[in-house]
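Construct all of the structure, not just a fragment, from the sequences and the given hints.
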Amino acid sequence: CTVISKECETRPLFHEGMIAQAVYFLSHYTKSRRTVPGLLQLYGAAGSGKRFTLECAANQLQRDFLCIDCSSLFPLRQETKTALLDAALSYCFLTQSIPVLYQFDFDKYHPAEAENTAQWFLQKTVSCMPVTVLCGNSPMKTNYRPSADILELVIPPATIGEQKMLWERYSEDGPLPFEDEDSPKHFSSIYVLSPGQIRQVLSSARSECISKQLPCITKESVAHGVRSLCRPRMEELSQ
-14 CTVISKECET RPLFHEGMIA QAVYFLSHYT KSRRTVPGLL QLYGAAGSGK RFTLECAANQ
46 LQRDFLCIDC SSLFPLRQET KTALLDAALS YCFLTQSIPV LYQFDFDKYH PAEAENTAQW
106 FLQKTVSCMP VTVLCGNSPM KTNYRPSADI LELVIPPATI GEQKMLWERY SEDGPLPFED
166 EDSPKHFSSI YVLSPGQIRQ VLSSARSECI SKQLPCITKE SVAHGVRSLC RPRMEELSQ
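In case it helps, the working numbering puts the sequence shown at residues -14 to 224.
Some hints could be false.
DSSO-like cross-link-like pairs, simulated, lysine-lysine; straight-line CA separation at most 30 angstroms [claimed, not checked]:
| no. | residue 1 | residue 2 |
| --- | --- | --- |
| 1 | Lys149 | Lys170 |
| 2 | Lys16 | Lys(-9) |
| 3 | Lys149 | Lys204 |
| 4 | Lys93 | Lys(-9) |
| 5 | Lys126 | Lys170 |
| 6 | Lys126 | Lys149 |
| 7 | Lys66 | Lys93 |
| 8 | Lys149 | Lys(-9) |
| 9 | Lys16 | Lys93 |
| 10 | Lys93 | Lys126 |
| 11 | Lys93 | Lys109 |
| 12 | Lys93 | Lys149 |
| 13 | Lys66 | Lys126 |
| 14 | Lys149 | Lys197 |
| 15 | Lys(-9) | Lys109 |
| 16 | Lys109 | Lys66 |
Quick list of simulated restraints, FRET-style, between CB atoms [unchecked claim]:
| no. | residue 1 | residue 2 | range |
| --- | --- | --- | --- |
| 17 | Tyr94 | Val139 | 30 to 40 angstroms |
| 18 | Cys201 | Pro124 | 41 to 51 angstroms |
| 19 | Leu46 | Pro141 | 38 to 48 angstroms |
| 20 | Lys126 | Arg212 | 10 to 20 angstroms |
Calculated from the structure, these hints are not laboratory results. Idealized CB from N, CA, C, for every residue including glycine.
Next up, the structure:
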């Protein structure tokens, strides 16, 4: 489990309307005890901004989120899995944190086993918490429908303008500037990357330039970072 703290000063950089919708929905169930619990289902590809959305929501709601890694719990023995989930939910109850069923993707397991475990996670969590967040890469096919008010949000790919803003924002996290002011516009026009991928490429490019004692982040270092990012997928496709 990891905690997304309400003290983080994350501000919305993109999809502000969707983030506001998530905040309004969650706040409805955190203000007072409701007869029917709420379940926010947040979907998006890896690096699309699910965690970023939760960081913004935590700051605006002034509540912590506890991310429960379902993919790590899935293969454990049932008694161990139950004990760990019960401990996590007890922590949420005592601290008034919002539980997040994170990595809610079980594609590599047998469909029947995945279905039963997904239902178990949902039933255990939703039945005892006023509001729960579910995060996955894509909606999971399950016949189980918990007795809860459900809001499903899918994070769309960032537009070119949003990607430019992300290049600018994430470059502020490090000591090196871009080699010219047009670099964010240039990168957003030739690369189609998710927020997480932009952050990863920038980190790689920054490390390369620092190691070469360069005063700025160059286009060549960014291109090298993009190639490194794509290499595992290309090798998988070639196989």
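Cross-check of the supplied hints:
Distance restraint check for Lys149 and Lys170: the Cα-Cα separation of roughly 6 angstroms lies within the 30 angstroms cut-off, and the hinted pair is therefore satisfied. Our distance criterion of 30 angstroms between C-alpha atoms is met by Lys16 and Lys(-9), whose separation comes to about 16 angstroms. For the hint linking Lys149 to Lys204, the alpha-carbon distance of about 15 angstroms falls within 30 angstroms, and the restraint holds. Taken as a hint, the Lys93 and Lys(-9) pair is broken in the structure, with Cα atoms around 33 angstroms apart against an allowance of 30 angstroms.
Among the hinted pairs, Lys126 with Lys170 is inconsistent with the structure: their alpha-carbon atoms are about 39 angstroms apart, more than 30 angstroms. As the CA atoms of Lys126 and Lys149 are separated by approximately 35 angstroms, the hinted pair breaks the 30 angstroms bound. At roughly 18 angstroms between alpha-carbon atoms, Lys66 and Lys93 fall within 30 angstroms of each other, so this suggested pair holds. For the hint pairing Lys149 with Lys(-9), the CA-to-CA distance comes to about 27 angstroms; that is within 30 angstroms, so the pair holds.
Pair hint Lys16 plus Lys93 does not hold up; C-alpha atoms about 38 angstroms apart against a cutoff of 30 angstroms. Restraint check for Lys93 and Lys126: the C-alpha separation of about 14 angstroms stays at or below 30 angstroms, so the hint holds. Taken as a hint, the Lys93 and Lys109 pair is honoured in the structure, with Cα atoms around 23 angstroms apart against an allowance of 30 angstroms. For a cut-off of 30 angstroms, the pair hint linking Lys93 to Lys149 is broken: about 35 angstroms separates their Cα positions.
Taking the CA atoms of Lys66 and Lys126, the gap is about 22 angstroms. The hint holds against a cut of 30 angstroms. With a C-alpha separation of about 26 angstroms, the suggested pairing of Lys149 with Lys197 holds against the 30 angstroms cut-off. With a CA separation close to 25 angstroms, the supplied pair Lys(-9) and Lys109 stays within the 30 angstroms bound. Taken as a hint, the Lys109 and Lys66 pair is honoured in the structure, with Cα atoms around 11 angstroms apart against an allowance of 30 angstroms.
Look at Tyr94 against Val139: about 23 angstroms separates their beta carbons, and that is not inside 30 to 40 angstroms. Distance hint check: the CB atoms of Cys201 and Pro124 are about 42 angstroms apart, consistent with the given range 41 to 51 angstroms. Take Leu46 and Pro141: their Cβ atoms lie about 23 angstroms apart, and the range 38 to 48 angstroms is violated. One distance hint, 10 to 20 angstroms for the beta-carbon pair Lys126 and Arg212, is violated here, with the actual separation near 35 angstroms.
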